[in-house]
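A.B. asks: Sequence:
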Amino acid sequence: MENTAGPEILGVLELEPKRVIDLWFEDGNVVIQAEDYQFCLFRSFLTTRSPIFKDTFSIPQPEDAERINGCPVLRIHDSASDAAHFFKAIFDSETFLPWPAPTTFEKIAAILRLSTKYEVEYLRRRALDHLSSGYPTSLAQWRENELPLATFPVHCLWVLPTAFYDYCKFTGPSEIFRGTMQDGVLLSLSDADKQLCLEARESQREASKDLENFLAEVVEDCTGSECSSSRLVWIRYLNKLRQDGFWLDPTETWEYWGSFAGHVCKPCLLACQKKYEDARLAVWQSIPSMFNLPSWTKLEAEREEYSS
1 MENTAGPEIL GVLELEPKRV IDLWFEDGNV VIQAEDYQFC LFRSFLTTRS
51 PIFKDTFSIP QPEDAERING CPVLRIHDSA SDAAHFFKAI FDSETFLPWP
101 APTTFEKIAA ILRLSTKYEV EYLRRRALDH LSSGYPTSLA QWRENELPLA
151 TFPVHCLWVL PTAFYDYCKF TGPSEIFRGT MQDGVLLSLS DADKQLCLEA
201 RESQREASKD LENFLAEVVE DCTGSECSSS RLVWIRYLNK LRQDGFWLDP
251 TETWEYWGSF AGHVCKPCLL ACQKKYEDAR LAVWQSIPSM FNLPSWTKLE
301 AEREEYSS
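If you count by our numbering, then the sequence shown holds residues 1 to 308, one letter each, in order.
Note that these hints are calculated values from the structure, not bench results. Please note that a few of the clues may not be correct.
To be verified - Below are the SDA-like pairs computed for lysine to any residue, each with C-alpha atoms no more than 20 Å apart in a straight line: (1) Lys88 to Ala65; (2) Lys298 to Thr104; (3) Lys240 to Glu206; (4) Lys266 to Trp234; (5) Lys275 to Glu302.
Every value quoted in this text rests on a predicted model; they were computed, and no experiment measured them.
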C-alpha cells in the first residue's frame with residue numbers, strides 16, 4: 001500500500017530538525033536522524049542488539065563529521081514514524097511486549113520492517129508472533145480481525161491471503177478504488193491489487209452461496225417428517241439475508257445451529273453440519289488462489305522457514 005501522509009510522532013520539541021523527547025537522552029552519545037526527526041541514543045545499547053549498527057559505528061568518522069552537542073550524527077533512510085516505534089521498543093521494552101500483549105498494527109509493521117533491516121532478531125521474532133496471530137495459515141486458528149491490509153518490505157507472503165480476504169470483506173468497491181483512512185493515514189492499493197480485490201469480492205460472494213448447499217443435503221436416514229420443509233424455510237431466509245448484503249462467511253461458524261437444531265432431526269443436523277464444515281474448509285483452501293498466491297501448505301512452510 002502507498003502511505004500518502006507524513007509521519008505522526010508525538011512529543012517533539014519545536015526545533016528544526018525536531019527532537020523526539022522520549023528518545024532524546026541528555027547523556028546519549030549518538031544522534032540518529034530519520035527524515036526531520038532526531039533521536040539522541042546510546043551507541044553501546046544499539047551495538048549489542050544490532051550487528052548492522054555495530055558495523056556502522058565501527059567505521060572511523062572524519063574530523064569534520066557532523067556533530068550535535070559533541071555527538072556524531074547518523075542519518076538513516078527510514079521513516080521517522082518507523083524509527084520512533086523501533087527505537088522505543090529497543091529502549092523501553094514495555095512499549096512492545098510479546099504476544100498476546102495488546103499492540104497496534106502500525107507498531108508491528110514498523111518494528112518488523114526495521115528489526116529485519118537492522119537484524120535485531122528478538123524484535124523481529126516478536127513482531128512476527130504478533131503478525132501471525134492476526135493472519136493465521138489455518139482455519140482452526142482463524143479469528144476475525146480488522147487489521148489494515150498492507151504490504152511489507154520484508155518477505156511475509158503468508159499474511160497476505162487473510163489480509164486481502166479481510167480487506168475485501170470489510171471494504172466496499174468505492175473504498176477499494178479511493179483508498180481507506182487508517183489512523184489519519186490514507187492507505188491505497190496499487191491498481192493491479194484494486195482489480196484483484198474487486199474480482200476476489202465476487203469470488204467470496206460465490207463461495208458464500210456454495211456454503212448454503214448444506215441445506216439441500218438429502219439425508220437417507222432422516223427421521224423427521226418436517227425436515228425438508230424446515231430446510232426450505234432456512235434456504236429462503238439465507239437468500240433474503242444475501243439480498244440484503246449479508247453473506248455466509250466461510251471463516252466463521254454458522255451462528256444459527258442452535259435454532260436450526262430445533263427444526264430438524266438429529267441425523268439431518270449432523271449431516272448438514274458435516275457438509276457445512278467440509279464446504280468451509282474447501283473455501284478456506286481456495287483463499288490464496290483468489291489472490292494469485294501459493295497454497296496454504298507452501299505459505300506455512302515459508303512462515304516456518306522465515307521464523308526459524
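A.B. asks: Now tell me, hint by hint, if it's right for this structure.
C.D. replies: Evaluated hints:
1. Lys88 to Ala65: Judged against 20 Å, a Cα distance of about 26 Å means the pair is violated.
2. Lys298 to Thr104: With a Cα-Cα distance of about 28 Å, the restraint between Lys298 and Thr104 is violated, given a limit of 20 Å.
3. Lys240 to Glu206: The hint holds at about 15 Å.
4. Lys266 to Trp234: Within the cut-off at roughly 17 Å; holds.
5. Lys275 to Glu302: Violated: Lys275 and Glu302 sit about 31 Å apart, past 20 Å.
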